[in-house]
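Use these hints to put chain X onto chain G, whose structure you have.
Chains as they are written, first to last, in the working numbering: chain G, 289 to 447; chain X, -13 to 279.
There may be inaccurate statements among the hints.
Some chain X residues close to chain G (C-beta under 10 Å, calculated; not the full set) [to be verified]: (1) -13; (2) -2; (3) 0; (4) 1; (5) 5; (6) 75; (7) 77; (8) 85; (9) 98; (10) 100; (11) 106; (12) 110; (13) 124; (14) 135.
Note that these hints are calculated values from the structure, not bench results. Quick caveat, the model's predicted, so the values are computed rather than measured. Glycine residues also receive a C-beta, built at the ideal position from the N, C-alpha and C atoms.
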Amino acid sequence: MKFLCVPCDEQMKLKHAIGPEGGSVALVYACPACSAEMAMMTNPHETQVVGSLGVKIGAADDPETAAAASKCPFTGMLADMGVPVTGTRTAENANPVESGNGGPGGIPWTVEARERLANIPDIVRASAVAGIEKFAEDHGYEEVDAAVLERARSFFGIA
Amino acid sequence: MKSYFDLIDDGGSDIAGQVGRQRERIAEALAGVQHIVAIGSGKGGVGKSTLTMQLALAMQRRGRRCAILDADLNGPCQARLAGLENAALIPGGRGMTLPRTANGLGVVSVGSAVPESQDLDFASVARGDSHVWRATREFNLFQQLLGLVEWGRLDVLLVDLPPGAERTLQYAEVLGASARFVLVSIPTALARGVVARSTAALRRTPNATLGLIENMSGYYCEDCDEVRPLFDHGRVDTAPELGLPVLASIPFDARLAAASDAGDLESPRGPAVRAIEAAADSILNGLAERRAG
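Chain G on its own, in the form it takes in the complex (with noise of 0.2 Å):
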């Protein structure tokens, strides 16, 4: 979707996100030329199919967020919206390396392997993160680091 100021015929620039607030995002758009600016606002339907195509919408903030979107567009789309969430997934444990507080079993993880765990599809993500909590509680780690995941991919002969 673009938009166009007509007055001036220029396209309007992205300025900022705001939400998403009971599933509506409201994204700010503002004119180059005349500063004018414009508010889209989406209902939780649109804001939901724009989602499930996996790409996040409003620019990426720094270089970091931008490599994690690419890698898994919809963790970022899912972290921002902090979706509610039906079932037996919470929105803690849907995502849980966003949480910033470890993973359910309260096993810290460090900075590289969070990272890493973009690299599992989201939907999965809270399963990834149970199988390798207790793989490092049965094998007495404190911590979860890029060395335990390795170690676990050995464990589990798939290295």
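Positioned in the frame of chain G, the structure of chain X alone reads:
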């Protein structure tokens, strides 16, 4: 006033760029995969998943490096068939490590992460209207699996498709023109009608269909040690109407069904497995011919 096509980008989100990067990542992840073969039908319950597993095992016995991607996200069977219901999903440096069976067959299935007591439930801000976005989200997950798994070097990646003639078409579009298809039917008019729809759908794509596997062509009686009729009152010959070469006719073998349920990868010897091995040979020959051509 400028038109849509006069405006260069989308003003900031770069949605098209993000979609392009997803495709690049998939291409990168599949760079070491020589052939993709999708096992479909359109019809449910004809034995696609069991055949996919058995074909992979047969190809593996022939020295081929194989893996299976279970595209049936809502009714995943490959995790159970492989005995990988609780497979460890470990993130590597570049992607998700490919889970493997004890005999080295790579198997990626949502069933390894979502227990059979649960359905596949996606997070949503639009509750109650999942029909609007669900298919899009499922294909996004499928693309994530294609692009995030460390597939490594494979001779054949077998994709176990879900039922639905329209799904067969959609997976052809997602997998790309180089993916080959094998359709599975059983000798009933009911199955033939649905498989005919999938055949028609695939004709609208550039994807080649290698042939048809006629499953449950009879049943193997272990006591008699012979194959007996299964659909003798209404048996139909599927192949002529569909215009596809028959790769194999495979009898039902209760021992194979029991082994599959138990996740036992030791294929019981008999006419069913011999026919599956013939099908695997036909598929491998078909791939080699197309490559040479």
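How the hints compare with the structure:
no. : hint : in the structure
1   : -13  : holds (6 Å)
2   : -2   : holds (3 Å)
3   : 0    : holds (7 Å)
4   : 1    : holds (5 Å)
5   : 5    : holds (6 Å)
6   : 75   : holds (4 Å)
7   : 77   : holds (4 Å)
8   : 85   : holds (6 Å)
9   : 98   : holds (8 Å)
10  : 100  : holds (7 Å)
11  : 106  : holds (7 Å)
12  : 110  : holds (6 Å)
13  : 124  : holds (9 Å)
14  : 135  : holds (9 Å)
Hint compliance for this structure: no hint is broken.
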